[in-house]
Each structure stands twice: as structure tokens, then as C-alpha cells.
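Protein chains: 2
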Amino acid sequence: MAANAKTAIQPTREADFPQWYQQVIKAADLAENSPVRGCMVIKPWGYTLWENMQRILDAEFKRTGHENAYFPLFIPKSYIEKEAKHVEGFAKECAVVTHSRLVSDGEGGLKPGSELEEPLIVRPTSETIIGEVYSNWVQSYRDLPILINQWANVVRWEMRTRMFLRTAEFLWQEGHTVHGTAQEAIEETLQMIRVYADFAENTMAMPVHVGEKTEGERFPGAVNTYSIEAMMQDGKALQAGTSHFLGQNFAKSSGIQFTSQEGVEEFAWTTSWGVSTRLVGGLIMTHSDDDGLVLPPKLAPKQIVIIPVIPNEDNRSSVLEYCEQLKRELEEHRYQDAPLKVQLDSRDMRGGEKAWHWVKKGVPVRLEVGPRDVAAGKVVLYRRDKGPKDKQFLERAEMLGTIVETLSSIQNALFEKASSYRTDQTREISDVGEFESFFKGEGAGFAVAYWAGDSTLEDELSKSHKTTVRCLLMDDFEEGQCVFTGKKTRKKAILAKAY
Amino acid sequence: MAANAKTAIQPTREADFPQWYQQVIKAADLAENSPVRGCMVIKPWGYTLWENMQRILDAEFKRTGHENAYFPLFIPKSYIEKEAKHVEGFAKECAVVTHSRLVSDGEGGLKPGSELEEPLIVRPTSETIIGEVYSNWVQSYRDLPILINQWANVVRWEMRTRMFLRTAEFLWQEGHTVHGTAQEAIEETLQMIRVYADFAENTMAMPVHVGEKTEGERFPGAVNTYSIEAMMQDGKALQAGTSHFLGQNFAKSSGIQFTSQEGVEEFAWTTSWGVSTRLVGGLIMTHSDDDGLVLPPKLAPKQIVIIPVIPNEDNRSSVLEYCEQLKRELEEHRYQDAPLKVQLDSRDMRGGEKAWHWVKKGVPVRLEVGPRDVAAGKVVLYRRDKGPKDKQFLERAEMLGTIVETLSSIQNALFEKASSYRTDQTREISDVGEFESFFKGEGAGFAVAYWAGDSTLEDELSKSHKTTVRCLLMDDFEEGQCVFTGKKTRKKAILAKAY
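Keeping their order, the protein sequence lines are chains A and B.
According to this note's numbering, the first sequence is numbered sequentially starting from 1.
According to this note's numbering, the second sequence is numbered sequentially starting from 1.
None of these hints come from the bench; they were simulated from the model.
Heads up, the beta-carbon is just placed ideally off N, CA and C, and yes, glycines get one too.
Among these hints, one or two may not hold up.
[To be verified] So the derived label-pair ranges between C-beta atoms look like this: (1) Gly-486(B) - Val-103(A): 38 to 44 Å; (2) Arg-63(B) - Asn-202(A): 26 to 32 Å; (3) Ala-59(A) - Ser-455(B): 49 to 55 Å; (4) Lys-92(A) - Asn-33(B): 26 to 32 Å.
[As the list claims (entries may be wrong)] Simulated coverage check for chain B against chain A, where a stretch passes if three residues somewhere in it have a Cβ under 8 Å from a Cβ of chain A: (5) 36 to 45; (6) 64 to 76; (7) 99 to 107; (8) 114 to 127.
[Claimed, not checked] Think about it this way: if two alpha-carbon atoms lie no more than 25 Å apart in a straight line, the pair counts; the simulated SDA-like pairs of lysine to any residue are: (9) Lys-26(A) - Trp-137(B); (10) Lys-85(B) - Gly-109(A); (11) Lys-378(A) - Ser-408(A).
The following block holds chain A by itself, in its conformation from the complex (with noise of 0.2 Å):
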């Protein structure tokens, strides 16, 4: 667009991202602040992505072998307690229950009665309560593995919430599985990462680097987590999904126990994995512009808009009857194993307005279709990735013949221009000079630099420049020095600011 031309969302990216990014939210219906401090409202449009999200992960979480259950909102406060690390983290920000009634205060209004005995804690994640569950369930190696997952909500006392990103409470699923060796453990923990980076990038069209978190990043109880790290428009990291190789410490801590098939009584090896609707944020970050949400095909609630434009009243009926005829040939036609998610928009509005209601939404292809389109068989066709613009006019038949292909084309178009954001934005650092330059101020981008440092280090840092390590590349390099310690190494990592 021209550089004074005006946009939907007000401010523009540049001129404010994190105030663009509720903006888009706003005018996409996506969610809202609630009235409880810190949770949001998912509105329906914004919660169509999360079902749309779910779908497609939970058929792959049971493609890799795992049944779903479910496990109580509350932890007693005494399986908090248990490991140390895991309380350390989590204790600081969680909503504890004290009561369960509400008694007269004797001024016409309630209050708490009732105290429990031991307080509970609403789940901020459930390890400790599946632990305990899972002692019970292992006996033997017989027992094992157990592959089981949870969609559930978790609450987090968080101080400062954005919506999707950081909220106090939100959706999440949860793998919890337990293994006989470590090393089936530690197999397990990757495959779960790869199936978060293949649905990041496949499905979300969000390019993301897999790695390894250092150990100030670890998950509170954790021996290696693994994290996907994608890019938003501003330069800015975000963890989008999280694995982790738990060892023997939750085991220990939960008393989950077995007799090998050598007779020896061994402690068990146990994950955890979880992505949340924070997923949402990013997909919002990654694909969004100024005129507002952007949405892959495939996560679309809506891939197609059908837009009649009625003149005068005299056209009205042939207008929609086209309109309807052509809603009924595409849903005949299938993307992703489902037939297309087509809407015909005939409320009473004006057209341009209308237009802009389903650009601000994201819908992948609008269709607009006048009383001259039904004359001569014609469709215009708009693709959301494109300029707003940027028209096709299309026989019928050729936009029927090609519009999974148009779909598949627009899911590419977003991976690629992500993808290209991504490398423009990423800098190979050699030098401490370099590292200091890129991230002067307001600067932001993926730094991949060699690196040997610790968590004081890590520290500084993130004084110095707000940046953390997001994670450490699974590839071994060629040997080289690390940039701020001068030490060998062969271990790559992508230093950012981060969400």
C-alpha cells in the first residue's frame, strides 16, 4: 500500500505493534478482556481457531499413539510441595482454593465458610496430581508405556496478561507419559517437539526453529526442554510449544515405581509436552497486517466469503440465487480431508463495509459477484494475502477448478513470506560488537551466535539487552568460539527478545 494510505487497523505495525496487535483482535472478534482479572472471553471467531487447532493436533497426538483423559482442576497443596524446583516455580503465581461455601457476612452479603482442611491449588500444570494418579497405575513394565493426554485449562497468577499470550487462566493440552528407559523417554520427548514444529509450520504457516532450552529456561522439575520458537513482526521470539525430558524427578517425587522385566524394582521416566491458545497469539503475530487478521487456509473458520453486490433491488433475487448455486458447488469441493467452510454474506449493508468486515476477519478468498458477474458467468476473486487491491475477474468454472488450488497457494504464500520475514530479520553474530549493535534500543531479530555461557551470563544479557537465550540449535556445528566467552564449542544458539 501507499505509505499514506490509510489502514483498517489503527496504529499500523510500525507505528505500534503491541497496540496493533489488540486492534486486530478488536476489530476480528476475536476475543475480549473479561471482567476477571487477567482471563480472557474467547468469542466465537476466536475460538474457532482453537477447536481448528485442536482437531488437527489431537489427531496427531493419537497418529503417535496417545488416548486423551482427564485429571481434577485441583492439586492439594502438599503435591505442590513435592519437588522442589516445580513449587519454586510455580507457587509464586497460582489460585488457591481455601473454602468451599459462601456463609452470611450478617451484612446482607456472603462470604467465604467453611475452611479446608488442606488449601487446593486450581493446576497451573498437573505433574504432580497425574504423578500421584500415575503411582497407582504402574506396577510393572508391563505397565509401561503409559501415552496419555489432557485438554484442559490451567490457571497462572500472572501480573501483567495480554490476551492469548500471557493470561491468568488459559487452554492448554498436556501429554504426560511414562517410559521404562530414558532413552525411550528422551525419544518420545523429541517426537512431540517435531509434531509441534511440523503443525507450526504446516499447518500454522509459522516458520519455527526446534532447540533445546538452556538451564534458566528449563521447565521448574525438567532435565532438557525443548522449545519451537517462532518469529513475530516485530523481531520478537515467541515459544509456541514446549517438550520436556523430566528423568526420574517427578517419578521420584510421585513414587511412580516398577519391576523390570529383570525383577528390579526401578523409578519410571516421565514427559510432559504442552501447547496452549497462546498458539493463537502467534498465529496472529506471524500473518496479521495493517488492515488486519490474516488466516492460513487450513485454520481458517471460514476459507471463502461469497460478497453478492446488489445495486438496485431489481437484481436482487438473480444476484443471490448465483451466489447460492455457487456456495453449493464449492462446499462440493474438499481441502484438508473437509469440504470447503464457505459463507454467503447477503445481510443488508453497504458493500464496502461489508468487504472490510471479512478482510479485518482474515478470510483467506472473498468473493464478490454483481448482477454484470451473473451476466457473464463471472466471479471477482480477492486473496487476503495479497494487496487489498490486487482482483482476479474469473470465469465461474476456471475459479471452481482452481480454488483448492488458490487455497493451497495462499497457505504456501504465508509460510514463504513468513519464512522470508524470518531470514531478513535474523543475523549470524561473530562479534560482542555486533550482538550490541543489533539489539540496540528498540532493535530486534533472531541473533544465531556460537555459544558456551551460563546463566549469569544469560543475566547480564538480559539487562544489558533484553534479550535470553530462546534456545540452543539441535544441529552440532562446525567447532567455532563462542562470542561473549571466547570458549570452543560446536553449539549454536538464537539469542532474542522475547514475548
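For chain A, the structure is supplied; the task is to place chain B on it using the hints.
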């Protein structure tokens, strides 16, 4: 089975129905009590039943124009207080969050810290919080109707809990709709109770009565409550779903107001409706027998299990190959718009033990294949709805050609069996003596009687015979006399002992 035959479940239904119920759940590995008081762990086999219910119900909700959304887990105390009857109904049993962190108790443990300004209630139901949110969404008649459903967990601090039927935390869906007229809201309320009735009968194979609740049994704050009532195999009623016409009660307490087409400011009319994991309990108690769980094919996690019978190792590969081929061919067939769900159980385990494993899990069809079947191109088919010794020797092609019909036939047979049980246990009651002898001692079943009683009478019957008015049937009957009061009425009630 013969009177003295040993059953897989002990005790039998007749000997001790509540204990039988617990044992069926245990033997099928559906769920277990958790270490958290009143909360259950739903295990994969049980959770899959709920997932299957969700999938079918969700499609129905969408077909009838609803969308899903998500609202906060927590409700500020002041919101709960707004609707007088509502708070009375829920204040006595709710989980109250009073603190937002755990801090050191000075003795090496932790205690609640950071007291909240206002206590939060873990939602027992969401009318008040959703009403508050809706009050911001609704300004004009153009914003109506709002047709939203939420899948969520809720908490009611029940003192006596029972797996699936009554637990402190349970999973459910709650629909919350807003309308411009009473008429439209009433139609919505009735539409949804019919959706539940269709689901109960056509998917769960569980016959239900649709009716209206009396004042004493209404949802706290509702104008009318409609329910579906099913009969369990002990003759007791299970309320399996409810739909509430809330009038303007919650609109007034939450301030849901709109400007009508005529420019008048009016309060809106709301409804809510829900079913929960209690349905799983209903499913169990409707169909299961003294050998364990019996599942209708439309909901079974696996519809068919194939058991290779391998008397000696020489046969292993040919039998397994035959079974694997059978599985692939079965999976090419579709039932209810999805490929058949087939399990091949090739575990190393005694044949009898393995067969009983699947009997207890309620799989509708069991196929056994031994070397002689392989040689002859046959299979042995057992239907779970028939006696354990009732088997069919079938040509493989014949079995494949009729398997979908067989599943339909099982689905129908379960409904017929439950219906005829209900008919047998239902009595038209025409005087008080009949009523008293019907419910004397352990007597149970449905008493259908002309009813013109009030809450006082209901309380008396509840004390004297442990019976309640389950619902007033929807039909208007020929005028008759209330069995208890002698008043003339066209209404008949179902009276029963209930869960």
C-alpha cells in the same frame, strides 16, 4: 444365563445395584476416584465415551445455529450474589479462591498468601459471568439472538459423590442464549431439550421422557426448566439433561438490555441448557449387565475387537495375517459417517481372559479367529448384547457384507431392550394406595399420575416415599383427577425415586 452362573461382575445388579455400578466402571477401566476429594480421574476408555458424545452433540449444536466460545473459570463473588435464587442454590457448595500465591509458612512448608480483594468462585454454572459479558455485547435488536455454547469444567462441592453421577468437578457443556422476545427464547429452550432427547434415544439408545420441572425442582433463577428423564436398571430416574427458560431474571440482574426495532429499551430474554459427564453414568446404568459394560455402537470407542486364537506357534503367522487383513477390510466399511473402529488384540494372553477383557469393556462385536477359521475362510461372531455363549459361525464375506447391519441391529436392540424394561417398570397410578404399594420399601419404577400438587405435597412424598416429581409430561391429557389432591387437571407427572 442360568440362575447360578458366575458373572463377570460381582455383585450382580439384583444383589447390590450401587456396588455393581462401581464394579462395572472398574472392570471397564472407565474412571477412578482421584486423591482430590470428590474429583474423579476419567481414564481413556471413559474419556473416549465423552469425546464421542461431545462430537455428536457439538455437531447438533452447530446445526441448530450455535457457536462455541469460552468464558472465565472464575466468577467474582459479587456476580453470584446478584440473582437471589441463584445464589441460594449454589452458595452452599462452591470452591472459593481467596489467595493468589503460596508463601512460606516458616516451618518449611507453604501457606496461602496475597489475599484477593474479592473472593472468586470456581464456576458451578456460568449464567452470572456470561450475563455480565453479554450485557456489553447487546445494545440493539440487531445484536440478537446470541446463540453460544461452551464446553467446560464446573465445580459443585457435593458432599456425597459418585463417579460420573455426582462429582465435585465435572465436565459439561452449557448453552447460553439471548433473545428479543419471550416466544423466541421459549422456542430455543424447547428446541434444545428436544436435541437432548434425540441424542439420548438415537445415539445413547436410552429412552427418555421430556417434561417440565415443578417449581421446587427448577434451576435456581429459571422461569421454567425442562428435563429429559431416563430410567436406570434399578427403576430409579436419572435427570440426564436440562434446558431452562430464564425469562428476564438474569437479563435484569446482569443488565442485558437492548433497543427494540420500535426504539424501546427492553430487557432481553435468556435461556441456558446443559448436559454433562453424568450422561456416561446414565449410559452405564441403562445398558450394562452382570458381565460388565454394554456400549451402543454409535458411542463405543471400539465397535469391533478381533481376537486371534493361537493354539500353537505354528499357526501364529497365518492367523495373525488373516486377522490383520480382516481388520483392514472392516475399516473400509463406514458406520455413522466414519470408518469402523476396529481393535486387533494380539497380546500374549489366555484366550478366555482376553475375551472377557473385551466383554467387560462393552465392545459391541467380538470376532474370534482360530486356525480352522482361517482354513475355512470363516469367523466366529459374538454380539455383546446377547448372552456370552450366543455365537455365530460366519463366512468371512458374509460377515463383512452384514457388519454394518449388525452394528445397527445392536444399536436398535439396546434401545428396544431399555424401552421394554421401562415399560415394564412404569405404572399408571390412579389412587394413593396404588402409589404407596408401588414405592413401598425398595419399590421403584415410574409412576405416571394426574398431578395438581404443590411444593408442600412434593416435600411430603419425598419424605414418605423418597419419590419426587421428575417432570410433568409435555402433553395435555384428557381431563382427570389429581391422584393426591383430587383437583381436576390435564397434566400428568412422572413420580420416581431418583439419582
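Hints, verified against the model:
no.: 1; hint: Gly-486(B) - Val-103(A): 38 to 44 Å; result: 42 Å, holds
no.: 2; hint: Arg-63(B) - Asn-202(A): 26 to 32 Å; result: 30 Å, holds
no.: 3; hint: Ala-59(A) - Ser-455(B): 49 to 55 Å; result: 51 Å, holds
no.: 4; hint: Lys-92(A) - Asn-33(B): 26 to 32 Å; result: 31 Å, holds
no.: 5; hint: 36 to 45; result: holds (count 7)
no.: 6; hint: 64 to 76; result: holds (count 10)
no.: 7; hint: 99 to 107; result: holds (count 5)
no.: 8; hint: 114 to 127; result: holds (count 4)
no.: 9; hint: Lys-26(A) - Trp-137(B); result: 13 Å, holds
no.: 10; hint: Lys-85(B) - Gly-109(A); result: 14 Å, holds
no.: 11; hint: Lys-378(A) - Ser-408(A); result: 22 Å, holds
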